[in-house]
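Note that the UniProt record's numbering gives residue 33 to position 33 of the sequence shown, counting from 1, and the numbers run on in steps of one.
Check each hint, because a few of them may be wrong.
In the DSS-like style, the derived pairs of lysine-lysine whose C-alpha atoms are separated by at most 25 angstroms in a straight line are [unchecked claim]:
id	residue 1	residue 2
1	K123	K139
2	K133	K119
3	K133	K82
4	K82	K139
5	K119	K139
6	K123	K60
7	K89	K119
8	K60	K89
9	K139	K60
10	K123	K82
11	K133	K123
12	K123	K89
13	K89	K139
Cβ-Cβ distance ranges computed for the label pairs, FRET-style [what the hints assert, rightly or not]:
id	residue 1	residue 2	range
14	D57	D126	34 to 44 angstroms
15	S72	E112	32 to 42 angstroms
16	R192	V56	34 to 44 angstroms
17	T64	R190	33 to 43 angstroms
18	G154	V62	30 to 40 angstroms
19	Q70	E112	16 to 26 angstroms
20	G154	S86	32 to 42 angstroms
If you're looking for bench data, these hints aren't it; they were derived computationally from the structure.
A quick note: this is a predicted structure, and the numbers were derived from the prediction, not measured.
For each residue, glycine too, the CB sits at the ideal point set by N, CA and C.
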Amino acid sequence: MRSSKFGRAVPLYAALFASLIFAASVSAQQGLGESFTGLQINGDQPISIESNQLDVDDNKAVATFTGNVQVSQGETELRTGKLVVSYTKAQDGASGGKTGTSALPGGSSQIERLEASEKVYVKSADQVATAEKATFDMKSEVVVMTGNVVLSQGQNVAEGCRLTIQMQTGLARLESTNCGDGDSGGSGGRVRMMLTPDQ
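My request is simple: use the sequences and hints to build the entire structure.
So this is what it looks like as structure tokens:
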């Protein structure tokens, strides 16, 4: 599969769909790359997390949210059954250059990594991604979704078992093999994409 390069603040789906459409030689007719506007990770934006239960291990700098977990960052929403957040512990006497109340234990509001499991749903505007698991590395800006990955915008749908997106370069790869748990996605062991022309 070919990949396309975009700017640093590339939307999550723009990277994936533009690369898929380019590989299918239909980007000119579809124009989907220009229509994806919202779903992205931004390490500078605040993240709101809600759940039924929160367990914190401040020695390991890990917070585990379970039960009806909802995460919001800008226009992006994530829902899952379990979310493990790894954060940076503040040094003694260090404010980290921030003022106000800390968002996380240990005096830190710096999230390093999010690991979602037990069904993952991500939405921004009309863009939706679902999978069994997902990881969001805020430092390297890499997103990995695994297990029956389905991406959709309107009637346009892509399916596979593993999606990797490098947000800094805009490179994206949707795979149907070598996915770990013997999961070949919902497309019989092949990446599948359905595009609907604009009416």
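Going down the list of hints, with the structure as the test:
At roughly 22 angstroms between alpha-carbon atoms, K123 and K139 fall within 25 angstroms of each other, so this suggested pair holds. Distance hint between K133 and K119 is fulfilled; the C-alpha atoms sit about 6 angstroms from each other, no more than 25 angstroms. At most 25 angstroms may separate the alpha-carbon atoms for a hinted pair to count; K133 and K82 meet this at roughly 10 angstroms. With a C-alpha separation of about 21 angstroms, the suggested pair K82 and K139 falls inside the 25 angstroms cut-off, and the hint holds.
Under the criterion of a C-alpha separation no larger than 25 angstroms, the hint pairing K119 with K139 is consistent with the structure, at around 24 angstroms. Pair hint K123 plus K60 does not hold up; C-alpha atoms about 30 angstroms apart against a cutoff of 25 angstroms. Using a Cα cut-off of 25 angstroms, the hinted pair K89 and K119 is violated, with the two alpha carbons roughly 29 angstroms apart. Between K60 and K89 the alpha-carbon distance is near 9 angstroms, which keeps this suggested pair within the 25 angstroms criterion.
Restraint check: the Cα-Cα separation between K139 and K60 comes to about 18 angstroms, which is no more than 25 angstroms; the hinted pair holds. Proposed proximity of K123 and K82 is supported: the alpha carbons are some 17 angstroms apart, at most 25 angstroms. Our distance criterion of 25 angstroms between C-alpha atoms is met by K133 and K123, whose separation comes to about 15 angstroms. A distance of roughly 30 angstroms separates the Cα atoms of K123 and K89; the hinted pair therefore is violated under the 25 angstroms criterion.
With a CA separation close to 15 angstroms, the supplied pair K89 and K139 stays within the 25 angstroms bound. For the pair D57 and D126, the supplied restraint of 34 to 44 angstroms holds, since their beta-carbon distance comes to about 38 angstroms. Our hint of 32 to 42 angstroms for S72 and E112 is violated, since their Cβ atoms are close to 19 angstroms apart. Remark: the range hint 34 to 44 angstroms for R192 to V56 is upheld by a beta-carbon distance near 41 angstroms.
For T64 and R190, the Cβ-Cβ distance of about 36 angstroms falls inside the hinted range of 33 to 43 angstroms, so the restraint holds. Between G154 and V62, the C-beta spacing of about 38 angstroms keeps the proposed range 30 to 40 angstroms intact. For the hinted restraint 16 to 26 angstroms between Q70 and E112, the CB-CB distance of approximately 20 angstroms keeps it satisfied. Checked against the hint of 32 to 42 angstroms, the C-beta distance between G154 and S86 comes to roughly 35 angstroms, which is consistent with it.
Of the hints listed earlier, those the structure fails to meet are numbers 6, 7, 12 and 15, in rising order.
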